[in-house]
Amino acid sequence: MSAIRTVLGDVGPADLGVCDAHDHLFFGSPRLPGQELRSVVAARAELAAFREQGGGAVVQWTPYGLGRRAADLPPLSRETGVHVVAATGLHQAVHYDEDTLTGLRGRLADVFVSELTQGIGVSGVRAGLVKVAGGFHALDAHARWTMEAAAEAHHATGAAIAVHLEQGTGALDVLDLLCGELGVPPHRVVLGHLNRSPDLVAHRQAAESGCYLAFDGPSLAHHATDWRMPDAVRALADAGFGDRVLLGADTTTAAARSVGGGPGMPYLLRRVRPRLVHAVGEELVGRILTENPGRAFAVEWP
0 MSAIRTVLGD
10 VGPADLGVCD
20 AHDHLFFGSP
30 RLPGQELRSV
40 VAARAELAAF
50 REQGGGAVVQ
60 WTPYGLGRRA
70 ADLPPLSRET
80 GVHVVAATGL
90 HQAVHYDEDT
100 LTGLRGRLAD
110 VFVSELTQGI
120 GVSGVRAGLV
130 KVAGGFHALD
140 AHARWTMEAA
150 AEAHHATGAA
160 IAVHLEQGTG
170 ALDVLDLLCG
180 ELGVPPHRVV
190 LGHLNRSPDL
200 VAHRQAAESG
210 CYLAFDGPSL
220 AHHATDWRMP
230 DAVRALADAG
240 FGDRVLLGAD
250 TTTAAARSVG
260 GGPGMPYLLR
270 RVRPRLVHAV
280 GEELVGRILT
290 ENPGRAFAVE
300 WP
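Take 0 as the starting number for the sequence shown in numbering that gives the first Met the number 0 and just add one per residue.
Derived by calculation from the structure, the hints in this document are not laboratory data. For clarity, every value in this text was computed on a predicted model and none was experimentally measured. Treat the hints with care, as some may be off.
Here are the simulated distance ranges between beta carbons [as the list claims (entries may be wrong)]: (1) Gly118 x Val40: 22 to 28 angstroms; (2) Gly105 x Glu282: 47 to 53 angstroms; (3) Glu282 x Asp96: 47 to 53 angstroms.
All C-beta atoms in this analysis are idealised placements derived from N, C-alpha and C, irrespective of residue type, glycine included.
My request is simple: use the sequences and hints to build the entire structure.
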């Protein structure tokens, strides 16, 4: 039976509820000094605010070494009534020091598999997906290394692979590598940040492969996100790919949380959902928020 691996155990896809398919409860990177997501109190408040808007699940894409705080996730899920899915994986090299990367050489896939099947560190919390990252319009040696390890972990466990696309670019290169060279079935790949590059042709080409396309995060400076995103989703729906679309809020800094004065997780349901309903209809948006993530992250775990 296929199941979503949450921090409290495996649940059926139909039990996920309304899902923020790409977000962060905890996250810290040297690229964002002073903006780390570290507060358990703030994470609890953010989940509660999301729940008040009708949210039922959050998929956290924070990977290895970036402050996941895995042991804090189960009580947060329990206290707020929101399912939480944790991630293994590795981000771009710029997020890590060289000692960390050196220590993972030769064993990266084993780390991913262990975190998916045994647990993250000593927390006992098992990850439910693998998160990796591409570069801007290209895949460097680090991206290839991490994606090769992610593919190996997928073949061992069936886990989905979620990919950070830098500024929304490089989708087809990622698919060529993961699905073409490394044999990962396209429906096991989730491409993130496509809203940041509103290339409708590339979106359709990616959807035709069978992968999932995540439109995640409200407007950022110089990103054609909110105002172009409904058109991109409508184009995919009109072409018959509405079942490939996912939505997320992608909260990566303390200032972006709703409890910190930003849009945060609730924005996805408070503002993005009605905007999309206007563009593609309530029925499809309902499926995008519930059925699509249920399929995208469900796995027949060994």
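Hints versus structure:
1. Gly118 x Val40: 22 to 28 angstroms: 25 angstroms, holds
2. Gly105 x Glu282: 47 to 53 angstroms: Given range 47 to 53 angstroms: holds, Cβ gap about 49 angstroms.
3. Glu282 x Asp96: 47 to 53 angstroms: Because 48 angstroms falls inside the window, the suggested range holds.
The structure fails none of the hints (numbered hints given earlier).
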